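> Protein chains in written order, with this note's numbering: chain A, 11 to 293; chain B, 97 to 678.
Keep in mind the hints are simulated off the structure, nothing from the lab.
Since this is a predicted model, take the numbers as computed values, not measurements.
Glycine is no exception: its CB is placed at the ideal position from the N, C-alpha and C atoms.
It cannot be assumed that every hint is accurate.
Claimed, not checked - No farther apart than 25 angstroms at their CA atoms in a straight line, the calculated lysine to aspartate or glutamate pairs in the DMTMM-like style are these:
no., chain 1, residue 1, chain 2, residue 2
1, A, Lys49, B, Asp458
2, B, Lys495, A, Asp46
3, A, Lys49, B, Asp496
4, B, Lys216, B, Asp229
5, B, Lys542, A, Asp51
Said to hold, decoys possible - Stretches of chain B that chain A covers, calculated by requiring three or more beta carbons in the stretch to come under 8 angstroms of a beta carbon on chain A:
no., region
6, 403-409
7, 455-464
8, 527-541
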Amino acid sequence: MNRFRRALKNKQLVIGSIIALVIVVLGIFGPAIFGDYAKQDLLRGHKPLGTSGAFFGTDALGRSLAARATFGIRISLLVAISVTGLAMVLGTIIGLIAGYVKGVIDGVISLLIDFIWGFPLILVAVLAAASIGSGLLPVIFAVGLVNTVAIARVVRGEVLGISEKDFVVAAKAGGYSTMRIITKHIAPNVIPVALVLSSYYVAVAIIAEAALSFVGLGAQPPLPSLGQMVSEGRNYMRLNHWESTIPGVIIFAMVLSVSLIGDGLRDLLDPRLRTALERARVK
Amino acid sequence: MGSQHSPGDVVQAASDLVASYQNGKISRRQFGKGLIGLGIGATAASVILAACGGSDSKTTPGTSGGTSGGASEGTPKVGGTLREGYNRDISKLDPITTNWYDPAFSAIYETIVTDDPDGKTVAQFAKSFTVSDDGLTYTFEIPEGSVSHSGGAMGAKQIADVLTTIKEKSFIGGVSTVPMEGYSVDGNNVILKMKNAWLGALNPHKTGYWGLLNIDTWNAAGGLDPKSTYGTASADGTGPFTFGEWVPGSHTLVNRWDNYPGSNTPYITNPGKAYLDAIRWSVITEAGQRATQLEGGELDTLIGPSYADLERLKGNKELTVIQHPEWSGFQLSMNRDYPEFFGDVETRQGLSHAINRQGLVDAVLFGNGDATYGPFPKTDRQYETKVEEFNQFDVAKSKDLLAKAGWTAGSDGILERNGTRFEFAAVVEDETTQKLIAEAVTQQFKEVGVSAKFEVVDRAVAFEKESGEGQKAAPMSLFFWLWPVPLDILVIFSSSETIPVPNFSHVKDDKIDSAVAEWRKSGTADAAQKASSNFQLLWAETLPYIPLMNQYATFAHQNYVKGWQPFVWLLYPLYNDVWMDK
Numbered sequence: 011m012n013r014f015r016r017a018l019k020n021k022q023l024v025i026g027s028i029i030a031l032v033i034v035v036l037g038i039f040g041p042a043i044f045g046d047y048a049k050q051d052l053l054r055g056h057k058p059l060g061t062s063g064a065f066f067g068t069d070a071l072g073r074s075l076a077a078r079a080t081f082g083i084r085i086s087l088l089v090a091i092s093v094t095g096l097a098m099v100l101g102t103i104i105g106l107i108a109g110y111v112k113g114v115i116d117g118v119i120s121l122l123i124d125f126i127w128g129f130p131l132i133l134v135a136v137l138a139a140a141s142i143g144s145g146l147l148p149v150i151f152a153v154g155l156v157n158t159v160a161i162a163r164v165v166r167g168e169v170l171g172i173s174e175k176d177f178v179v180a181a182k183a184g185g186y187s188t189m190r191i192i193t194k195h196i197a198p199n200v201i202p203v204a205l206v207l208s209s210y211y212v213a214v215a216i217i218a219e220a221a222l223s224f225v226g227l228g229a230q231p232p233l234p235s236l237g238q239m240v241s242e243g244r245n246y247m248r249l250n251h252w253e254s255t256i257p258g259v260i261i262f263a264m265v266l267s268v269s270l271i272g273d274g275l276r277d278l279l280d281p282r283l284r285t286a287l288e289r290a291r292v293k
Numbered sequence: 097m098g099s100q101h102s103p104g105d106v107v108q109a110a111s112d113l114v115a116s117y118q119n120g121k122i123s124r125r126q127f128g129k130g131l132i133g134l135g136i137g138a139t140a141a142s143v144i145l146a147a148c149g150g151s152d153s154k155t156t157p158g159t160s161g162g163t164s165g166g167a168s169e170g171t172p173k174v175g176g177t178l179r180e181g182y183n184r185d186i187s188k189l190d191p192i193t194t195n196w197y198d199p200a201f202s203a204i205y206e207t208i209v210t211d212d213p214d215g216k217t218v219a220q221f222a223k224s225f226t227v228s229d230d231g232l233t234y235t236f237e238i239p240e241g242s243v244s245h246s247g248g249a250m251g252a253k254q255i256a257d258v259l260t261t262i263k264e265k266s267f268i269g270g271v272s273t274v275p276m277e278g279y280s281v282d283g284n285n286v287i288l289k290m291k292n293a294w295l296g297a298l299n300p301h302k303t304g305y306w307g308l309l310n311i312d313t314w315n316a317a318g319g320l321d322p323k324s325t326y327g328t329a330s331a332d333g334t335g336p337f338t339f340g341e342w343v344p345g346s347h348t349l350v351n352r353w354d355n356y357p358g359s360n361t362p363y364i365t366n367p368g369k370a371y372l373d374a375i376r377w378s379v380i381t382e383a384g385q386r387a388t389q390l391e392g393g394e395l396d397t398l399i400g401p402s403y404a405d406l407e408r409l410k411g412n413k414e415l416t417v418i419q420h421p422e423w424s425g426f427q428l429s430m431n432r433d434y435p436e437f438f439g440d441v442e443t444r445q446g447l448s449h450a451i452n453r454q455g456l457v458d459a460v461l462f463g464n465g466d467a468t469y470g471p472f473p474k475t476d477r478q479y480e481t482k483v484e485e486f487n488q489f490d491v492a493k494s495k496d497l498l499a500k501a502g503w504t505a506g507s508d509g510i511l512e513r514n515g516t517r518f519e520f521a522a523v524v525e526d527e528t529t530q531k532l533i534a535e536a537v538t539q540q541f542k543e544v545g546v547s548a549k550f551e552v553v554d555r556a557v558a559f560e561k562e563s564g565e566g567q568k569a570a571p572m573s574l575f576f577w578l579w580p581v582p583l584d585i586l587v588i589f590s591s592s593e594t595i596p597v598p599n600f601s602h603v604k605d606d607k608i609d610s611a612v613a614e615w616r617k618s619g620t621a622d623a624a625q626k627a628s629s630n631f632q633l634l635w636a637e638t639l640p641y642i643p644l645m646n647q648y649a650t651f652a653h654q655n656y657v658k659g660w661q662p663f664v665w666l667l668y669p670l671y672n673d674v675w676m677d678k
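Given the sequences, and given the hints that come with them, work out the whole structure.
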């Protein structure tokens, strides 16, 4: 309850959550409200925002931008949250193992992490698309791989520090199993870090999905995605900029909300930072 | 000051000119010059020309903005590099091995004959040409002492050699020249012998694929070897410009050939070497960027502005927009090696009736095109209007035909027949217009219970996926063709002798083959029209491909560019008359 009160006082967290809530509601209910994203009206192309019968206007084929954008939100959220959730779980496990077990296992994992970390996300996505074809699958694979590696890298570093702490040494001396030490003593200390980091990587995933769709590697037509909508709309910027502006603003809002939530969570969950803030308030 | 005419005099003189032109006493060019001589601007003259029903009038959507005349607008200035925007990536500058030819071909190469603005065949590299009365012999007089850019001789023997090489070794040459026996030399003449009289004999010779090159240079660079550097590191033609640079994805540069002897083409007014120092074509595949760069002064001329920008460009007083129907078309292949989907004509017709072609023209091309119900664009000289009785947008008819073909709706609305769902993969090139068409068609198919899943791929990959044998080729693909004489290319898209490329539909239809054979034997205008009509009607009815629409070719230029005059019969303008008044 105390933590909930603190959360409510955290402006970043509150504002980010409100924006996120609006986006999630749009993503869930928007397609039902605004209709079929693929329905064409070839005589009503390029209508601007506020057009009667087309709330956000229409694209080149007279399709509702509202229906397409809200479906695009659904795809972005689906990709970003599922991929980052999976990456958080895998990255945390890999980081815990590498950081605690050390030795050859750590060496191999670290080598792999450094190897993958050396590739830009877009290159990984291109390689994935080349091998498994374009669509959402290579995007999920590329973003998932890079996010997993990123989280594993940070968690490993945290574990290396924590495993030298007295309570871990005491647990070892007490004869606890490796599994117990990792799950009961180390994991609770690194999960908040992974959680905060994940919120950042949700934003990265949203941008990556949009960017990859923008260049044609993501969701394939007629399935709409926000990046693809920006890409298609840019050909008509002087005619009806809303075709790019609306999905662009939504991407911005999504990333902003996740970033604000991430900052808020950091303030809330990081004990060192929280203590420092409380001390600052007392002074 | 020049002499002044009273308005009444001008009207009378213009009326006389109109009467002379309509009676065929003067040519279209003379008519246009006469109007300009009366002080009537080129734009107004073009409107009057159109109103008079000249050969271009029915086919030219229009010219807007300032004037675009040639040397008649003043004394040509020598120098400068023309910066031209181009809407496609560039192909290698080798007529023999390329599968597409770009505007630089018109600067580097000449063809033995070409079309004039009235659509009449005229000499280009040849000094003159004649056709025997029986239509079996074509004689091209080759100018004495001709050389290519490298200085190599380009006499009758060399020209016969290169034409023979094109006919025998170029893929496109081979499939386009079936009724031709071969080329030989007689003094300064190149003789083309035909197996039978054929009205289409000169058509392929006017295309970039028949660009005259120095065959020794071509062989030395590697010839047909895929590693040949001809067309990428060098090119050796007889046109007014020489090879400079070729950077795919970026640009092509050509430089003036100072030894160019002048053109034999009657409508080229420049008697000698080109006015421009160089021409640089920039590849601008980003549709929205092309107009912006022209408006911003980064380009002097532009081929293929986005239709979304057209009204804005037309309203710009610094620019002139030229537009005419393009000899091109968008069509859907239906691979017959998937007989479960496309094996019966009722199913193909059902699919075709599901497509709202006019809607596509309006939405995708902003009205800058025509729906096509048969294989040809509406403005083709041999267009058969009866094709419009087929393939009209009619969802009820579409559903009815599909039902007659045995398709019934499954639980999710997708049609099924004999346990097969009407669901197939399709391929589309990663290009703005084509992707939009594919999206629209997907939805229109869906309305009648057919699921087409288009995969967007690069141009090369699309070609590869279209080109396989049997079921290695995609069940369906969206294809865009561009060729100055539609019939010549469309027969090879549907003839059984060209499976699997470019007969991407793998059509083996005796009636179509007979129609193609009939066209190749037609030696008179009447016979050609009859064969062409028969071919078009068969196509419209049996649907080797689903025709969709064709677009208008659109060009724009700064008003200071003179003599840059694209016209309907050629894909790209010629460059020897072009100069810049700045």
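> Now, for every hint given, state plainly whether the structure supports it.
Each hint, compared with the structure:
no.	hint	result
1	A:Lys49 with B:Asp458	holds, 17 angstroms
2	B:Lys495 with A:Asp46	holds, 21 angstroms
3	A:Lys49 with B:Asp496	holds, 22 angstroms
4	B:Lys216 with B:Asp229	holds, 18 angstroms
5	B:Lys542 with A:Asp51	holds, 14 angstroms
6	403-409	holds (count 3)
7	455-464	holds (count 5)
8	527-541	holds (count 9)
Checked against the numbered hints above, the structure breaks none of them.
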